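Novice: Once you have looked at the hints, place chain E on chain W.
If you read the protein sequences in the order shown, they are chains W and E. With numbering that gives the first Met the number 0, letter number 41 in the first sequence gets 40, and the count goes up by one each step, no holes. With numbering that gives the first Met the number 0, letter number 24 in the second sequence gets 23, and the count goes up by one each step, no holes.
Among these hints, one or two may not hold up.
Said to hold, decoys possible - Negatives, chain E to chain W, calculated, CB over 12 Å:
| id | residue |
| --- | --- |
| 1 | L3 |
| 2 | T100 |
| 3 | G121 |
| 4 | L277 |
| 5 | L399 |
Stated by the list, open to error - Straight-line C-alpha distance at most 25 Å; calculated DSS-like pairs for lysine-lysine:
| id | chain 1 | residue 1 | chain 2 | residue 2 |
| --- | --- | --- | --- | --- |
| 6 | E | K212 | E | K369 |
| 7 | E | K358 | E | K212 |
| 8 | E | K338 | E | K366 |
| 9 | W | K32 | E | K233 |
| 10 | E | K307 | W | K25 |
| 11 | E | K301 | E | K222 |
| 12 | E | K276 | E | K358 |
| 13 | E | K338 | W | K25 |
| 14 | W | K25 | E | K222 |
| 15 | E | K358 | E | K80 |
| 16 | E | K301 | E | K181 |
| 17 | E | K276 | E | K39 |
| 18 | E | K222 | W | K32 |
| 19 | E | K222 | E | K369 |
| 20 | E | K80 | E | K181 |
As the list claims (entries may be wrong) - Chain E stretches covered by chain W per the calculated footprint, using a threshold of three residues with CB under 8 Å from any CB of chain W:
| id | region |
| --- | --- |
| 21 | 286-296 |
| 22 | 380-387 |
Calculated from the structure, these hints are not laboratory results. Just so you know, these numbers come straight off a predicted model, no measurement behind them. From the three backbone atoms N, C-alpha and C, an ideal C-beta is built for every residue, glycine too.
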Amino acid sequence: MTDIFLSLKVFGLGFAISMCISVLIKFLLDAIKHFTRNKEEIQD
Amino acid sequence: MNILDLFQGIGTMFVQDPQIVIGRIVLIIFGILLVYLGAKGTLEPLIMIPMGLGMSAVNAGVLFTSATTVGNLFIDPMVSKTDDLMNIMQIDFLQPIYTLTFSNGLIACLVFMGIGVICDVGMVLAHPFIGMFIAMCAELGTVATYPIARLLGLSTGEAAAVSVIGGADGPMVLFTSLTLAKEIFVPITIVAYLYLSLTYGLYPFLVRFMIPKNLRGKVIIQKNAKKSDRITSKEKLVFAVVANTLLCLLFPVAAPLFLSFFLGIAIRESGIDKYVKLIEEVFLYAATFFLGLMLGVLCDAKTILDPKILLLLLLGLLALLLSGIGGILGGYLVYFFTKGNFNPTVGIAGVSCVPTTAKVSQKEVSKVNKMSFIMEYALSANICGVITTAILTGIYITFLA
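If we strip away everything but chain W, and leave its shape as in the complex, we get (with noise of 0.2 Å):
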C-alpha cells in the first residue's frame, strides 16, 4: 500500500510541476516577443 501510495505522489507532485513549467514556458516566451517587439508588432 506505500508502494501504491508513493506513486500517486510521484505522480500528483510531477503533474503538478509539469502544469507550473508549461506556464513558465509560455510566460517565457512572452516576455520574450514582449521585449525583443515594439507595441504595433505585437498588437498585429
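Specialist: For chain E alone, kept in the frame of chain W given last:
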C-alpha cells in the same frame, strides 16, 4: 581434428545451455526479420537494418574465448572493473563505442544536438500546455511500474530505477540507478538502451491497436493563428539561452540533454551553416547508426537471458507499454477537451524517446492521411516528455535517497 572446433559458432551451441542455444537461434531469425521489416519500410530502416544485422551476427558469431568460456568479439556489456574493461576494449571492436559513448550518455546528447538543429523550436513550444499534459499522461509507466517492481521483490531504489525506464530516457535511468541502486547499474545500462528497440518495434502496433484509422488520419486545424504568434530567429535564440539556463537550474539531472538540445537550436538560429551541416549530416546520422548497431549487438542471448537482466527487461517493457498506453489516453483526453480538433496519435510522442516516438506518430498518421501533419505537436510532447521524466526522476530521488 574436431570439425566443431573449426566452426565455433556452431560448436559453441553444443556446450551452451539449451535455453541459450534456442535463444540464439530465435534471435538470429528475429534479426533477419528486423532487416526485412526495415528494408520494407514497416519499421524504421535507419535503426532496424544495422540492429537486425548486429543481432544476427552477435548470436551467430559466438566462439570459445578460453577452454571453458564462450563469448564474442563484439562487446561485453557486463564488464565493469577498470582493468577488465581496458583489456576487453583492446579485443572487442564495439566495446570502446559502448563504454565511451553509451554508458555516459554521449550518444543521446549527440542525438539531442541533432534534434535541436533540425527542429523549429517555435513550433515545438507553441503548445506547451498540450505537450506537457500529454507528456505527463505518458509517464503512466514510470509511476505504475514502481509498486509492481516492489511486489516482485526489488528494493525501493531498484524499483525506482526500473520504473524510470517508462520515461524512455536512457541517461535519466542511468542517473537514477547510480543514485539509488548502484548494484544494478551495469544490467540497467543494457536495458536502458534496449528499450529503444522496443519503442521502434512495439509502438507502431500499439498505435494501430488503440486508435481507429479515421482518428489516426485526423487533421488538426490551427485556429486564431495570429501574425504575432510567429517567433523570429532572434527570439528563438534568446529563448534557447534563457530556457537552457533555467531548465538546467531546475533539473540538473537532465542538464546534459538540455544543453545539447538548446545548443543545437542556438546553432540553427544563429545561422552557423558549417556547424548545422556537421551536426545534421555527421553527428546525428553517426549517432543513429551506432545506436542501431549497438542495440543489435546488445541482444546477445546470453545477456538477455541472464535472470537479472530478464526481470529488468520485462519490467522495462511493462513500463514502456503502460507509458505508451498512458500517452495515447492523454491524446484522447486532449481530443475530447478540444472537441475533436486533435489527433490522439500525438499521445504516443509523449513518451520522451526523442525523436523516435514523434517520428512513429507522424509515420502512422501519414500512412492513413498524407495531408495530416502532427509533427509540431508530436515534437512538443516529445520535448516536454524529457522535462517530465527529469521531474519524476528528481522526485523519486528526493523521496528515496
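Novice: Hint by hint, say whether it matches the structure.
Specialist: Going through the hints against the structure:
Every CB of chain W lies more than 12 Å from the CB of L3 (chain E), the least distance being 50 Å, so the non-interface label holds. Even its closest Cβ contact with chain W, about 30 Å, leaves T100 (chain E) beyond 12 Å, as expected for a residue assigned away from the interface. G121 (chain E), annotated as away from the interface, has a beta carbon of chain W within 12 Å; the closest lies near 9 Å. Residue placement check: L277 (chain E) keeps its beta carbon more than 12 Å from all beta carbons of chain W (closest about 28 Å).
Listed as a non-interface residue, L399 (chain E) fails to keep its Cβ farther than 12 Å from every Cβ of chain W; the least gap is roughly 8 Å. The hinted pair formed by K212 (chain E) and K369 (chain E) meets the criterion: a straight-line CA distance of about 13 Å does not exceed 25 Å. The hinted pair formed by K358 (chain E) and K212 (chain E) meets the criterion: a straight-line CA distance of about 18 Å does not exceed 25 Å. Straight-line distance between C-alpha atoms of K338 (chain E) and K366 (chain E) comes to about 24 Å, which keeps the hinted pair within the 25 Å bound.
About 10 Å separates the Cα atoms of K32 (chain W) and K233 (chain E), which keeps this hinted pair within 25 Å; it holds. Pair hint K307 (chain E) plus K25 (chain W) does not hold up; C-alpha atoms about 44 Å apart against a cutoff of 25 Å. Under the criterion of a C-alpha separation no larger than 25 Å, the hint pairing K301 (chain E) with K222 (chain E) is inconsistent with the structure, at around 54 Å. A hinted pair counts as satisfied when its Cα atoms are at most 25 Å apart, and K276 (chain E) with K358 (chain E) qualifies at roughly 21 Å.
The straight-line distance between the Cα atoms of K338 (chain E) and K25 (chain W) is roughly 23 Å, inside the 25 Å bound, and the hint therefore holds. Of the supplied pair hints, the one linking K25 (chain W) and K222 (chain E) holds, its CA atoms being roughly 18 Å apart against a limit of 25 Å. Of the supplied pair hints, the one linking K358 (chain E) and K80 (chain E) is violated, its CA atoms being roughly 38 Å apart against a limit of 25 Å. Under the criterion of a C-alpha separation no larger than 25 Å, the hint pairing K301 (chain E) with K181 (chain E) is consistent with the structure, at around 22 Å.
With a C-alpha separation of about 29 Å, the suggested pairing of K276 (chain E) with K39 (chain E) is violated against the 25 Å cut-off. Of the supplied pair hints, the one linking K222 (chain E) and K32 (chain W) holds, its CA atoms being roughly 20 Å apart against a limit of 25 Å. For the given pair, K222 (chain E) sits about 21 Å from K369 (chain E) by alpha-carbon distance, which is consistent with the 25 Å threshold. A distance of roughly 14 Å separates the Cα atoms of K80 (chain E) and K181 (chain E); the hinted pair therefore holds under the 25 Å criterion.
Check on the region 286-296 of chain E: 0 of its residues sit with their Cβ under 8 Å from a Cβ of chain W, so the three-residue criterion for coverage is violated. Proximity of the region 380-387 of chain E to chain W, defined as three or more residues with a beta carbon under 8 Å from a beta carbon of that chain, is established by the 3 residues found.
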